[in-house]
Amino acid sequence: MIKAVFITNIPSPYRVDFFAYLQEHYPEYEFHVIFSGAGMENRKWSVELAELKNAHFLKSKTIIIRKRFDDRYIFLPVGVEKTLQEIHPDLVFAMEYNPTILRAVHWCQKKKIPFISWTDGTLNSEKNIGKVQRMSRSYIIKRAAAFVASSTASRQAQIAYGADEKKCFISYLTVDIQKYLQKKTEYGGRELLYVGSLIQRKGLDLLFPALAQTREDICLTIVGEGQEKEALMEQAKKLGITSRIRFLGYVEGEPLRELYHNADVFILPTREDCFGLVILEAMCASLPVISSKYADGAFDLVQEGENGCIIDPEDTAAFAAKIDQIFADEKRLAEMGQKSYEFAHAFSFQEVAKGCIDALHYVTGKA
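Going by this note's numbering, the residue at position 53 of the sequence shown is 152; the numbering climbs one at a time, nothing skipped.
Keep in mind that the hints were calculated from the coordinates and are not lab data. No experiment lies behind these values; they were computed from the predicted model shown. One thing to keep in mind: the hints can contain errors.
Claimed, not checked - Straight line, CA to CA, 27 Å or less: simulated DSS-like cross-link-like pairs of lysine-lysine:
{"id": "1", "residue 1": "K241", "residue 2": "K181"}
{"id": "2", "residue 1": "K266", "residue 2": "K102"}
{"id": "3", "residue 1": "K160", "residue 2": "K210"}
{"id": "4", "residue 1": "K211", "residue 2": "K241"}
{"id": "5", "residue 1": "K181", "residue 2": "K160"}
{"id": "6", "residue 1": "K392", "residue 2": "K328"}
{"id": "7", "residue 1": "K158", "residue 2": "K282"}
{"id": "8", "residue 1": "K209", "residue 2": "K158"}
{"id": "9", "residue 1": "K226", "residue 2": "K265"}
{"id": "10", "residue 1": "K278", "residue 2": "K158"}
{"id": "11", "residue 1": "K102", "residue 2": "K241"}
{"id": "12", "residue 1": "K430", "residue 2": "K282"}
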């Protein structure tokens with residue numbers, strides 16, 4: 100039995116669900132997961148670890164770098180090599196390019212254990228990285244036996260950093276779509292839904308001026324918390340759109356499913372997202388999508404004119420026009436929502452796992 104270990108930063112719900120799926124549906128492999136830390140203070144989600152086997156948590160010192168758009172967390176772990184030695188894997192999935200991964204890669208080189216480099220990052224999300232970060236990517240990519248990307252844009256980044264295109268596989272970032280799938284048939288309202296953090300990176304301050312230029316019966320529901328909440332409320336007041344916006348705070352589970360179901364269109368005006376999983380959650384709920392071109396996963400999720408559109412959030416007039424346009428035809432809105440529901444099935448764990456397993460087979464000689 101081949102023993103493989105995933106090394107990642109924290110137990111996010113979508114990753115934990117995916118790892119548990121692999122363990123259950125590919126019993127011919129023994130999958131382990133090493134987490135650099137237990138969580139981050141800016142992540143409010145609940146994670147159910149009961150179904151995940153072979154989970155290992157490293158003791159880490161956490162450095163938080165406060166940045167303009169979002170905070171950056173760096174884990175400085177203790178015991179990476181010891182934990183790997185105890186597991187004694189045949190293969191390592193090294194997720195991203197952080198200090199934990201650098202130490203793991205060094206261990207793999209020393210022990211002659213192949214590793215697969217896996218990333219969510221894109222050229223857009225990493226456009227401002229420094230020299231040391233670029234060096235770490237070069238070091239890891241030169242030594243990897245294969246590559247897994249979480250999106251088409253992530254694959255492009257790997258190739259740009261020097262990865263061999265023939266060794267690149269895609270395993271889309273996803274959620275357990277069974278938790279979100281719900282058919283919707285009525286789209287008679289005028290409700291936009293945003294789900295995410297209230298931070299500058301997410302671009303709500305770009306959406307508000309556009310909303311102010313749309314027809315007055317279009318409203319916006321905002322689900323999430325963050326440091327920009329008061330500034331956003333003040334901006335809404337100045338624009339005269341306070342009555343058209345609801346701030347609901349952080350919501351998850353069944354109440355969040357209900358909010359998706361009751362909305363008419365999902366909107367993500369982000370300045371930067373390497374994927375944008377909330378788009379997929381909304382698609383599962385049969386919602387048409389208006390996404391920023393800076394959500395790199397949108398180019399895999401949104402088919403222009405079919406289940407939504409991709410916009411430039413900094414072009415206020417064009418942004419407003421797209422919002423008005425998508426609400427102009429109720430029948431077309433319903434058709435786009437049904438397309439979202441159909442397209443979402445391509446991101447099931449069953450489908451997404453294929454890229455991961457193909458990479459594993461490539462490295463172990465089973466391809």
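Now the hints, each set against the structure:
Restraint check for K241 and K181: satisfied, since their Cα atoms lie roughly 24 Å apart, inside the 27 Å limit. Distance hint between K266 and K102 is fulfilled; the C-alpha atoms sit about 21 Å from each other, no more than 27 Å. Of the supplied pair hints, the one linking K160 and K210 holds, its CA atoms being roughly 26 Å apart against a limit of 27 Å. Restraint check: the Cα-Cα separation between K211 and K241 comes to about 15 Å, which is no more than 27 Å; the hinted pair holds.
Distance restraint check for K181 and K160: the Cα-Cα separation of roughly 17 Å lies within the 27 Å cut-off, and the hinted pair is therefore satisfied. Pair hint K392 plus K328 holds up; C-alpha atoms about 23 Å apart against a cutoff of 27 Å. Distance restraint check for K158 and K282: the Cα-Cα separation of roughly 43 Å exceeds the 27 Å cut-off, and the hinted pair is therefore not satisfied. For the proposed pair K209 and K158, the alpha carbon gap of about 23 Å is at most 27 Å, so the pair holds.
Only pairs whose Cα atoms come within 27 Å are accepted, and K226 paired with K265 is accepted, the gap being roughly 25 Å. For the suggested pair K278 and K158, the alpha carbons sit about 32 Å apart, so the restraint of at most 27 Å is broken. For the proposed pair K102 and K241, the alpha carbon gap of about 23 Å is at most 27 Å, so the pair holds. A C-alpha spacing of about 16 Å is found between K430 and K282, which places the hinted pair at or below 27 Å, so the restraint holds.
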